[in-house]
Amino acid sequence: MKKPILLGTSTATSRTQCCSKVGIKKGPWTAEEDEVLANYIKIEGGGRWRTLPKRAGLLRCGKSCRLRWMNYLRPTVKRGPIAPDEEDLILRLHRLLGNRWALIAGRIPGRTDNEIKNYWNTHLSKNLISQGIDPRTHKPLNPVSHGSSQANQDDDDDDVPESNPNPPSSSKSSELMGENTNSMETTNLESHQIYQHQQEVGDDCMGQPSSSGNGGDLVENGNEDHMFSLFLDSLITDNQQQQQQSNNGDLWEAEIKSPMVEFGNPQNYFNHQQQHP
DNA sequence: AAAGAAAGCAACCGCGAGACC
DNA sequence: CGGTCTCGCGGTTGCTTTCTT
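In UniProt numbering, the protein residues as written are 1 to 277.
Please keep in mind that the hints were generated in silico from the structure rather than gathered at the bench.
Derived CB-CB ranges, DEER-like:
no.: 1; residue 1: Glu35; residue 2: Gly80; range: 17 to 23 Å
no.: 2; residue 1: Ala31; residue 2: Ile129; range: 34 to 40 Å
no.: 3; residue 1: Asn127; residue 2: Gly47; range: 33 to 39 Å
no.: 4; residue 1: Lys54; residue 2: Asp88; range: 40 to 46 Å
no.: 5; residue 1: Arg50; residue 2: Gln131; range: 41 to 47 Å
no.: 6; residue 1: Gly80; residue 2: Ile43; range: 25 to 31 Å
no.: 7; residue 1: Asp85; residue 2: Thr122; range: 16 to 22 Å
In silico DSBU-like cross-links for lysine-lysine, where the CA-CA straight-line distance does not exceed 35 Å:
no.: 8; residue 1: Lys126; residue 2: Lys26
no.: 9; residue 1: Lys25; residue 2: Lys117
no.: 10; residue 1: Lys25; residue 2: Lys78
no.: 11; residue 1: Lys42; residue 2: Lys54
We put the beta carbon where it would ideally sit given N, CA and C, even for glycine.
Take the sequences, apply the hints, and build the full model.
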């Protein structure tokens with residue numbers, strides 16, 4: 001593993017980040033540090049990360065403590081290989097959301113954004129490339145080989161945000177919901193149908209709304225987040241059904257018909273809900 | 001068996017948003 | 001209302017492990 005680094009004045013840069021302070025340890029965590037952090041959070045709870053290491057007696061920066069807890073020490077973190085159904089879910093979520101790792105992780109119980117991001121970069125993106133699919137856009141790398149669908153290829157790139165291949169540098173969920181001003185009108189019936197659809201489909205495969213930690217912010221804060229969660233589930237489910245229906249047909253045609261496109265994006269769903277409660 | 005390459009993954013970094021003063 | 005602080009996120013780095021030659 002990585003050798004722990006104890007930062008001193010010689011290695012500290014001009015950065016003013018917390019981790020550049022003298023005496024703050026970097027590198028891999030030891031079992032002892034893990035124990036100290038886990039025990040402290042068990043007793044005192046998480047949060048206030050900046051002051052937590054001092055209170056817990058750790059020579060780490062708050063960021064490092066938070067990351068360690070979120071990605072490794074949390075009891076809800078699931079270790080072990082990604083199951084095929086989880087992989088399928090990651091693919092579908094990435095198709096819909098782009099590199100919104102925290103959002104994706106929020107829909108996969110026990111998995112962290114870091115883990116999913118790593119898995120995507122090391123496995124899934126390579127798999128897609130080997131299949132001739134662009135992992136960023138989920139479209140064919142060589143459109144020529146895809147026959148009639150190629151005719152729509154250029155248009156798709158311009159105006160269909162079925163996934164978000166180039167998300168902005170800050171990818172908060174709120175931004176996801178607010179970035180598209182292309183207001184596509186929806187009716188009360190449509191939004192109601194999606195909501196009702198969610199009720200029928202249930203939450204078995206998407207996981208429970210996460211109760212803590214990374215990505216869980218999507219679904220744990222208030223009614224709007226809950227509604228977004230439900231909406232996201234409906235997107236995933238409908239997307240899956242349409243892919244099955246397309247069944248080796250024109251994948252991208254099916255994609256265009258996805259609920260994401262019908263709504264424009266989740267923000268439109270919210271706007272609509274707020275205007276028509 | 002040894003060396004180099006590739007893969008895997010934990011951790012770091014910088015930035016943006018929201019909270020707080 | 002502007003400045004500062006804190007948190008959380010996505011991108012990236014670099015060390016360790018595994019595979020290949």
